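Colleague: Listed below, chain by chain, are the residues.
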Amino acid sequence: MSLTEKEIIKIARLARIGLSEDDKQVFVKELSNILKMVEQLQEVNTDNVQQLQSITNSSLPRRKDEVTDGNIAADIVKNAPMSEYNCFVVPKVVE
Amino acid sequence: MSIIKGKTGEWEIVIGLEVHAQISSKSKLFSGAATEFGAEPNSQVSLVDAAMPGMLPVINEYCVRQAVKTGLGLNAKINLKSIFDRKNYFYADLPQGYQISQFLDPIVGRGELVIDLADGSTKSIGITRLHLEQDAGKSLHEHSPKYSYIDLNRAGIALMEIVSEPDMRSSYEAGEYMKKIRAILRYLGSCDGDMEKGSLRCDANVSVRKPGGELGTRCEIKNLNSIRNITRAIDYEAERQVELIESGQSVSQETRLFDAGTNETRTMRSKEDAMDYRYFPDPDLLPLILTQEFVDEIKKEIPELPDQKKARYINDMNLSNYDASVLVADQETAEYFELVAKDSDAKLAANWISAELFGRLNKNNQTISETKITPDKLRGLLVLISNNTISGKIAKQVFDTMFETGEDAASIVEKEGLQQVTDTGAIEAVIDSVLADNPEKILEYKSGKDKLFGFFVGQVMKLSGGKANPELVNEILKKKLI
Amino acid sequence: MTEIHKLSLKSAREALKKGEFQAVELTKSHLDAMEQNKGLNAYILETRDIAIKSATIADQNIKAGNARAMEGIPVAVKDLFCTKDVRTTACSQILGNFTPTYESTVTSKLWQTGAVMLGKTNMDEFAMGSSNLTSFYGPVQNPWKATGSDKILVPGGSSGGSAAAVTAYLAMGALGSDTGGSIRQPASYCGIVGMKPSYGRCSRYGMMAFSSSLDQAGVFTRDVTDASIMLEAIMGHDSKDSTCATLPVPALEKALNGDIKGMRIGIPKEYNMEGISPEISKLWQTGAKWLKEAGAEIVEISLPHSKYALPVYYIIAPAEASSNLSRYDGVRYGLRVPSENNSLDEMYELTRQKGFGAEVKRRIMIGTYVLSAGYYDAYYIKAQKVRNLIAEDFKNAFAKVDAILAPTAPSAAFAADIKIDDPVTMYLNDIFTIPASLAGLPCISVPAGLSNEGLPLGLQIIGNLFDESTVLKVAFKLEQAANFVGYKGK
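Chains as they are written, first to last, in this note's numbering: chain A, 1 to 95; chain B, 1 to 482; chain C, 1 to 490.
Everything labelled a hint here was simulated from the structure, so no lab data went into it. As the structure is a prediction and not an experimental result, all values here were calculated from the model. Some hints could be false.
With a straight-line cut-off of 20 angstroms between C-alpha atoms, the simulated SDA-like cross-links for lysine to any residue are [as the list claims (entries may be wrong)]:
hint, chain 1, residue 1, chain 2, residue 2
1, B, Lys138, C, Ala378
2, B, Lys309, B, Asn351
3, B, Lys87, C, Gly374
4, B, Lys138, A, Asp75
5, B, Lys222, A, Lys36
6, C, Lys354, A, Pro91
7, A, Lys78, C, Asp467
8, C, Lys145, C, Ala415
9, A, Lys78, B, Glu40
10, B, Lys146, A, Lys64
11, A, Lys10, C, Ser343
12, C, Lys240, A, Gln51
13, B, Lys81, A, Lys36
14, B, Lys146, C, Ala415
15, A, Lys92, B, His143
16, C, Lys240, A, Asp75
17, B, Lys26, A, Val93
18, A, Lys24, C, Lys354
19, A, Lys24, C, Asp421
20, B, Lys138, A, Met82
21, B, Lys26, B, Gly38
22, C, Lys240, A, Thr56
23, A, Lys10, C, Ala378
24, A, Lys36, C, Lys307
25, A, Lys24, C, Arg87
26, B, Lys138, A, Val93
27, B, Lys393, B, Lys462
28, C, Lys292, C, Ala481
29, A, Lys92, C, Asn341
Using C-beta positions, here's what the derived DEER-type ranges look like [to be verified]:
hint, chain 1, residue 1, chain 2, residue 2, range
30, C, Phe21, A, Glu39, 54 to 62 angstroms
31, C, Thr101, B, Thr374, 46 to 54 angstroms
32, B, Gly6, A, Gln25, 50 to 58 angstroms
33, C, Lys282, A, Arg62, 47 to 55 angstroms
34, A, Tyr85, B, Asp259, 27 to 35 angstroms
Beta carbons: idealized from backbone N, C-alpha and C, even for Gly.
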């Protein structure tokens with residue numbers, strides 16, 4: 001299973017990772033190698049096999065509906081590269 | 001059903017609605033931050049909501065209950081095992097880079113909702129599913145030409161996404177569906193249904209086809225925040241699609257926005273090839289397993305819902321379909337009505353509430369829970385009408401005073417001496433007096449001017465200060481004018 | 001006693017209690033050693049002030065007779081765990097100078113038992129790697145060198161820094177994380193003990209997520225006893241982590257002294273693969289012999305789907321990582337590379353292009369691919385199904401045996417200047433450790449012998465789910481029999 005450059009570009013776009021021209025070639029090679037390795041799974045018969053859903057087979061624990069958090073606006077924006085009025089500031093997205 | 005008459009013939013509109021209802025919980029779906037509307041930016045945001053490194057979701061049991069309750073209220077199948085999936089995409093108001101939602105295994109499956117149509121008939125609209133998911137944050141675009149400001153207060157609030165089958169055939173039906181869902185949610189208490197605040201939103205999927213033909217390509221119109229916008233958007237979109245097809249082009253499947261200013265829909269600027277969300281089960285959350293006992297327990301909590309109330313009002317209280325519908329549209333109104341009708345004439349109660357009370361409430365911008373006329377006060381007034389203590393006309397006067405002052409009817413009637421005069425002797429005396437004063441008019445009446453009967457009645461009422469019993473006045477006056 | 005930092009955790013604890021020296025002294029001894037061994041690059045951030053402060057409080061507690069389980073014990077923390085007000089980076093450029101305003105649960109537990117934080121250790125970026133060569137802060141040196149050689153070797157990964165620190169006596173214990181072998185493999189390369197408890201035993205709250213269904217915190221120590229002490233301190237239910245087990249923490253330290261007579265030890269025949277290094281094979285057989293001499297019964301078992309563990313892992317882990325790492329986008333913390341066109345998408349792409357290293361990008365890309373439309377069924381779902389088969393294999397095995405003995409790694413530590421064209425070559429380092437991770441089982445690496453070049457080789461004990469006690473008990477016996485002489489230091 002070999003990936004094409006077109007596919008690499010599409011994946012990088014989905015993952016929002018910028019690619020240089022060199023990157024594209026390297027990824028085509030490396031990712032194709034990885035895919036080749038994982039191809040072996042196709043030989044395993046998994047008819048009637050379920051996906052592993054959890055290690056412990058227990059149910060999702062639920063918490064009470066109480067306000068136990070928040071009111072930490074300063075902490076929330078503390079590490080932000082750009083913030084103002086306690087909001088995160090990003091390049092404008094026009095819809 | 002509405003038909004569009006196009007150049008090449010008739011067209012049918014096919015509509016499905018996806019409703020997003022914010023659950024009225026105190027804290028968010030997967031975090032303990034508060035959910036109240038209108039707080040300072042990022043003040044209702046936990047580290048989990050802000051997707052800080054290492055943060056993990058923990059589900060709110062109240063939200064799970066509300067989803068089950070709503071499913072039961074929609075006569076839907078509750079799935080005892082459901083899975084949370086990650087819906088992956090990048091956007092500034094989505095801090096995790098994914099939304100926790102439910103894809104293949106939602107908590108609620110197929111159900112139905114019955115809408116009431118104008119002609120008194122009903123139509124069943126299929127519900128495909130209901131699932132739980134996180135709401136996103138808000139991007140504020142107006143503060144700067146270059147930047148957007150992100151407030152995550154809304155990020156992580158619990159949403160129930162309710163998907164309908166594409167069973168609606170007109171914008172009217174869509175509007176009724178929306179009204180009904182809103183009523184049910186409010187009756188159940190799982191969502192406050194406030195479309196203005198955004199706790200109830202709707203996306204409409206619209207396509208057109210020749211009647212009996214195959215389904216056409218649909219477009220999704222996002223974020224419709226009022227019934228008016230929903231109906232207008234659907235109407236515009238359906239016309240747009242018909243024109244497009246009839247001019248030889250085809251409808252491309254896309255996401256559109258409705259511009260309330262121009263009443264048109266337009267393509268979303270950020271149009272991409274169909275987004276690949278790469279759904280997969282969220283490994284931070286185990287499968288949600290519910291017991292049948294848990295579901296049954298919730299079923300007991302469900303109050304009488306609009307359809308059941310309406311049926312009861314029609315069958316047991318003899319109300320008309322229309323009157324019953326008006327009363328059950330709002331749970332508070334229905335409860336108010338039931339209290340009033342407990343010991344009074346149900347039809348009378350229905351009339352006074354929908355005609356008189358609603359009118360006053362609207363004019364004064366009050367809700368039925370705010371009015372000074374409490375249910376037992378209204379009942380008091382109706383009793384006075386039923387036992388003929390006052391006439392209908394006087395009752396309206398009394399009602400006005402009650403509305404302003406909150407006094408009870410009996411006191412007002414007593415204080416202002418408004419009791420109806422039913423003493424035939426007294427009425428006769430007044431009639432005689434009026435007739436004596438108007439001999440020419442009597443002659444004119446007897447010579448054919450029937451309309452003058454009203455004049456005499458009016459004079460009698462005037463002279464009696466409005467207190468004469470109108471039926472008796474009519475009866476006696478008729479006799480005297482023969 | 002000038003080299004008090006070379007004591008075992010347990011001995012130090014006793015000495016502190018007896019008043020043979022102070023906690024501040026012990027901490028200072030470590031800080032000096034760290035100063036002299038900066039070349040290893042085990043630590044990327046030293047927290048001297050915090051350490052002295054905690055040690056001072058520890059001395060007060062010890063004096064007042066209120067010593068807690070790890071009172072005054074200096075430890076190192078892998079930079080994957082968020083430490084309040086102390087920069088935490090996952091050794092990635094994309095986190096910049098991120099300083100958490102919160103503490104991870106496992107580190108919180110450590111501080112609650114009185115442990116002293118010496119600093120944050122180096123690691124492969126975002127815990128992805130088995131060499132510590134992918135760190136933004138540079139590689140870590142394995143304190144060990146091959147006999148007669150000066151060549152710098154890798155400590156293993158991803159918890160290379162923590163392993164090197166404990167090996168070179170720069171910490172009495174260190175926190176690490178293990179997703180596919182990131183504690184066990186470095187422990188083997190460095191000749192120390194490294195243990196990963198069952199999935200769900202330790203809270204993942206505050207631990208930067210790589211692969212959520214596999215990640216688990218664990219410990220490095222110089223002996224098995226110390227491991228039981230430190231592990232007991234960090235295990236436990238946390239309501240902030242929905243995947244955390246609600247089981248009570250077993251008394252691990254106490255469990256060590258039981259004997260293993262009659263215990264059945266499984267030897268998975270599939271691990272004896274074609275091409276396995278003879279010295280690894282030999283050590284494995286020797287290990288079995290030791291356990292037999294200690295009274296255990298050696299049983300051959302079959303884990304038929306073993307060879308598929310690697311492909312399963314390299315589908316599931318990258319898939320989860322591709323989603324977990326989406327939050328590193330330059331918006332709320334860490335690095336932001338501005339977009340000249342004032343485009344949000346461009347900002348994302350530039351930030352992530354610069355901020356992530358090559359291996360991380362590789363894994364995000366593969367992960368994105370296997371989850372994408374058209375490939376999800378063939379890759380992700382398939383992998384989860386085969387994962388189930390692998391877990392079943394173990395379940396069946398544990399019906400026949402109480403613990404499993406296996407090699408930890410296919411080789412000893414390799415050269416740091418290794419040139420690798422194919423990423424898969426590096427992934428093969430994890431073939432013995434990945435299977436137990438996929439099944440969520442508790443497992444430990446115990447240093448058992450030296451390679452022909454004089455480098456440490458470890459042996460792995462894998463236990464049944466939530467049976468950390470048995471794993472430690474068997475490991476203890478193995479350790480006694482092996483009598484491994486640890487790193488002597490410069």
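Colleague: Mind listing which of the numbered hints don't hold for this structure, in increasing order?
Modeller: 1, 5, 7, 10, 12, 13, 14, 17, 25
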